[in-house]
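Chemist: Following the hints, position chain Z against chain W.
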Amino acid sequence: MKNFLFELKEGLLISFQAIKANKIRSILTTLGIVIGVTSVVLMSTAIKGIDNAFQTGVSSLGSDNLYIDKWEWFNNNIPWWEMRNRKNLTLEDYRKYKDLAKLPVASAPTVWNNQTIKHKERIVEFIMIQGTTEDYIKTTNLSFSEGRFFNELESNGGRNVIVLGSEIAKKLFPRGNAYNQEVKIKGHKFKVVGVLAEQGSWVMGSFNPDNQVFIPIQNVFKYLQSQSFRSVTINVRSQNSQMVEATKEEAIGIMRRVRGLTYNEENDFSINQQEGLLNTINQTVGVIQIAGLFITGLSLFVGAIGIMNIMFVSVKERTKEIGIRKAIGARRRTILGQFITESAFICLLGGIVGLIIAVVLSMIINQFLPTSIQFDAIVLAFVISIVTGIISGFAPAYTAAKLDPVEALRYE
Amino acid sequence: MNIINIEHIAKIYQVGTEEVHALRDVSLKINKNEYVAIMGPSGSGKSTLMNILGCLDTPTKGLYDFNRVNVSQMNDNELAAIRNKKIGFVFQTFNLLPRSDALHNVELPLIYAGISSAERKQKARQVLEQVGLGDRMHHKPNELSGGQKQRVAIARALVTEPSIILADEPTGNLDTKTGEDIMALFNEIYEQGNTIILVTHEEYIAEHAERIIRIRDGLIEKDEIVSSRFVPNKNGASKI
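Protein sequence lines correspond, in order, to chains W and Z. Just so we're aligned, residue 566 is where the first sequence starts under my numbering, counting upward by one. Just so we're aligned, residue 4 is where the second sequence starts under my numbering, counting upward by one.
Be aware that one or more of the hints could be misleading.
[What the hints assert, rightly or not] Not everything, but these chain W residues come out facing chain Z in the computed CB check (under 8 angstroms):
| hint | residue |
| --- | --- |
| 1 | N568 |
| 2 | F571 |
| 3 | E575 |
| 4 | Q582 |
| 5 | A586 |
| 6 | R896 |
| 7 | R897 |
| 8 | T899 |
| 9 | P970 |
| 10 | V971 |
Simulated from the structure, these hints should not be mistaken for lab results. Only a predicted model underlies this, so the values are computations on that prediction, with no experimental measurement involved. No residue lacks a Cβ here, since even glycine has one placed at the ideal position from N, Cα and C.
Excised from the complex, chain W in its bound form:
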């Protein structure tokens, strides 16, 4: 053990001297590892960022929610034409469901329509307008930066009131103070009764509440589209995650009755769950991960070949030195250790440089995709660079270790 430490120290000293003696060569050789480690760290950080974004996006949907819909959202085990031929869900279906359902905390119908919204000269185009009832807010985790959601009276009365997502509010009212102002949709005036707090999820696109507005569902039917144009989605919030299954079973039973299905008919609706979305997301992230690992693995592999190549050159060049060391008592293991140490040391330096570059780059990327380098990515960078060094240094080191001292001493 004591010997090992002395030899390790000697190995590090030799590595340091060798790198100092061949600066340009060492830099060029290490470049492969620098690039490899940079890409590994960035890739793992980016994947983590994407995953986090997906997860927060999903959790903004509410984890205990069910969505009764004409369409199956995530699983494709039902052919799409079959789903298309289903009867639309109507507001009437929702009312019957709401009367019969005992288990949910709340349920609300939603129907969407894309429209342009104006405030004075400001215009935001192609905004997802969600028509719903006052119960909607109870099915979500949304919070407000100003005002409130519309109430029962406004909803039932079909008042021209509107709740803005944070992004929409920013675009229409860049200086704030959206509350109590008026916006226009298709020429109809709506009074802003509330602005949502920022949800901060970028993956959901127009499904992100930040990019949506909410008005009473009556008004969608009154101004924007007929009742039969698009199917209603019923958002259902169960009491807690243990109750999700029971709530789902109840919903299936009620909906079959509401839809007038006989015992031998298939469901003509689907109950969608966040779980389905999670599965889809995990699959997507998994694919990104595999592709990312493959690409970064390839760049590390190229780097490792570079190191191996230069270590072979180094062993050849230092044949005489190896002979001297063997003559004065270095064992095979010592020489093997020396060259592996050198290779690992070069790679470690490359890894450190790569890590620094990755940290700088991730700060830039952070402007677009909220990420930060995790501690495990740093550990990963060190482990990968040392392991790469050991693996790529082994063959050259072994060649050096088994050199015949007599031959090696004679080498000029």
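Modeler: Just chain Z, lined up with the frame of chain W:
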């Protein structure tokens, strides 16, 4: 007391389909505190003999007892341990590590022997002072003259307190004057009780030794005592 006891060793190299007999049949004994010169023209087998004596190589046939241990069948690592602890090498081309200073070069065998840093440094300094390089410890080989380099190499050979010092043409790359200085240093080392084996083809260098073994065509041609300081008796060597 025999340090080296060689009985009927031979070394055969395979070169292509041909067998080259570098050593045919050599037997010899070397005692503690002897000063032996091995002489011979190039191709005589003296380098092969030196490699075997120095445990850098093993004989094809025959027996080699070093310090009463049979080393003729040892593996690489066992031989490395013997070289490390029991043999000090001095080469014609000095063979110092170019990137390390004198002190580190002298320390090196002690590193492989697993000696602690403080002890290593202390011993290395002491030996460097002994060879007259107390003021050159932190010089790299390219900052030293030929004679100084050879002194560093001698210090490196002495630092482990080996059983034998094996010097292969130690003055071959030095001018006559410096060569004489180095030979004087060897005399000093010898007088302190060390055993020295000197490989050379120069008569006047070999004359420093007390016993000259002449090799030709892989055989010992002549083995003679040349110095009055050395008188053999039946137990081996003794000084007058």
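Chemist: Enumerate the violated hints, using their earlier numbering and listing them in ascending order.
Modeler: Per hint list: zero violations.
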